[in-house]
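**Student:** Chain by chain, the residues:
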Amino acid sequence: MSMIAFFGALESGLIYALMALGVLISFRILDFPDLTADGSFPLGGAVAGIAIVSGFNPWVACLFGMLAGSAAGVITAWLNVKLGILHLLAGILVMTALYSINLRIMGAPNLSLLGEPTVFAPFIEDGNGFWVRVVVAGVVVLIAKLVLDWFFSTEMGLSMRATGSNLRMAQAQGINTSWIIIVGMAISNGLIALSGALFVQTQGGADISIGIGTIVIGLAAVIIGETVITAKKMFWVTLSVVVGAVLYKLFIQIALSSQTLRSIGFGPQDLNLVTALLVVIVLMLPKYRSRLMNAFGVKRKSDRITTD
Amino acid sequence: MFHSTHTFKKLAGLGLITAALFGCSGNETTKADTATATDTKTVAITAIVEHPALDAVRQGAIEELATAGFKEGENLTVNFQSAQGNQATAGQIAKQFAADNPNAIIAIATPSAQAVVAATSEIPVVFSAVTDPVEAKLVSKLEGSGANVTGASDALPLEPQVALIQEILPNVKNVGFVYSPGEVNSVVTLKALKAELAAKGINLVEAPAQKSSDIAMATQSLVGKVDVIYTSTDNNVINAYEALAQVAKEAKIPLISADPNTIERGAAVTLGVNYLDLGRETGKITARILKGEKAGDIPVYLAQSLELGVNAKNAADQGISIPKTVTDRASKVVQ
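In the order they appear, the protein sequences are chains A and B. For what it's worth, the working numbering labels the leading residue of the first sequence as 20, then goes sequentially. For what it's worth, the working numbering labels the leading residue of the second sequence as 2, then goes sequentially.
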């Protein structure tokens, strides 16, 4: 893997980390299996894309995209807590509706942003784009992560964690859980849409198909992150998700660029298979960690780890 | 404290495995080495998804490169990557290619082409199977973009299509069009076809289907409303062409298609771009670039020659007979 390809994976991973942070809030913190992501990710891209083409500042365009995503999250949550529709179904319904809405917003299935201003463009000059985009995406992710860490230490953030871990207990404590779920879903899908808004600016355009499989990547990032960094403290939990998203994208890059895989007969059509296998290896790691440690001759330390 | 050391151990273990995998990909310098020894060129090819038409483009391009003296495995290295239908992967492939710095990149279909053009402004890019390269902002104009991009468009000239429909069904009043609203090529075709038909006083009835599994239902919605169903090169429609043909056969509605491959899969008449030929044109353009021409000086190739196919059995099943004037012109006749 060349340096530039490595940075490309890093950039893509960091942008998807925002999406994964959103998935973390719905799936892990609120315990709300939310499939809105496949619609809110392209929604963020579509709204930001149209705003940029209409002459808005790209950062403002990202904000618009984020707000649109939040609105989608509010609708999913509202369908669930007010109308009593099963959360899985509520997410599927909103995702389905968003497909048509995204087509309406973009006016066509594909909206080109080639040559349009982006949040990355002002910092890019002759050939440094590959690392500048990583830095810009990294700063956005860092800000989002720190804001989330702070939010989950506030009273509302703690109420949200309580709502997710034990709904009845939270209600008994006088927490308005419906309201908390709506706010949580707004933040979750806002982050997912922001991710989509940044993504289309690195991609040369928004396409109606960019949302397909978003939730799968988000879940993979959360679970890989949890495997790599096991923690209860919010600081480490949010960090683990970012690491998980970056790792997932790195696996795809390895699958794309490894000559060894090519020479042993893996072709371009096996990309998804190889990526899945790499993820399985990572998920197996904790189980085989002690055996690995033994193999590397660090027996005593590994003993200590397994006892904690 | 204890917790974080635990974490770092894990990271270290993961690092080792990742390093091992990275190590595997370390032998990529061969390209540069051989380039200095002989004059080996490298062409990177990417497609948004693998499917018969797009595969034909790639095959045609590689064949034509060989004809022009760039033989794969001899003095040409071809690196093909498919995004497996995933946009995010298309972006990563584009960046990977930009990093590999090949002599030219062939990008098949609009989303892949956009990702590649966004990733590099230096490496020559030859797009293919893009219906509207100007609308997709790949090039500013068709007659030589001046930038690092050129290619081959599969935009369908619709005048001969409409003329063919009228030749087969002189009294046609309503034409049904099954398509997916999520495919940019189909939406572009829809608009143009509507205008073209309106000028002849013919009505277009739309039947949108978002997934391949919706095709049968969309087709059923046309029964009783249309004299003929026309389909373009829509991926979802092509994937589920048998479902469409089934409905057409039962309802006795003739099927006219713009994809030559559908002649064996249920269409009565096909008139369309031969994707192998489009790939050959793409290969010709790429060869010119490998020989030193600037991509920006080469005009975008527009598909011109259309291939006419007739399937007499399907036509009979769908309740029409094909005029002899059409059968005589056809380059492919299935009895």
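A hint or two may mislead.
[Stated by the list, open to error] Listed below are several chain B residues computed to face chain A (Cβ distance under 8 Å; list not exhaustive):
id, residue
1, S83
2, Q88
3, A89
4, A100
5, N104
6, A137
7, K138
8, E184
9, V206
10, Q211
11, S213
12, S214
13, A217
[Stated by the list, open to error] So the derived label-pair ranges between C-beta atoms look like this:
id, chain 1, residue 1, chain 2, residue 2, range
14, B, E51, A, M303, 28 to 38 Å
15, A, T249, B, K212, 46 to 56 Å
16, A, N76, B, E265, 46 to 56 Å
It is worth saying that the hints were derived from the structure and are not from the lab. We treat Cβ as the ideally placed atom computed from N, Cα and C, and that holds for glycine.
**Student:** Confirm or reject each hint.
**Tutor:** How the hints compare with the structure:
| no. | hint | in the structure |
| --- | --- | --- |
| 1 | S83 | 4 Å, holds |
| 2 | Q88 | 4 Å, holds |
| 3 | A89 | 6 Å, holds |
| 4 | A100 | 3 Å, holds |
| 5 | N104 | 16 Å, violated |
| 6 | A137 | 5 Å, holds |
| 7 | K138 | 4 Å, holds |
| 8 | E184 | 6 Å, holds |
| 9 | V206 | 20 Å, violated |
| 10 | Q211 | 7 Å, holds |
| 11 | S213 | 14 Å, violated |
| 12 | S214 | 14 Å, violated |
| 13 | A217 | 19 Å, violated |
| 14 | E51(B) to M303(A): 28 to 38 Å | 30 Å, holds |
| 15 | T249(A) to K212(B): 46 to 56 Å | 39 Å, violated |
| 16 | N76(A) to E265(B): 46 to 56 Å | 53 Å, holds |
Comparing the model with each numbered hint stated earlier shows that hints 5, 9, 11, 12, 13 and 15 do not hold.
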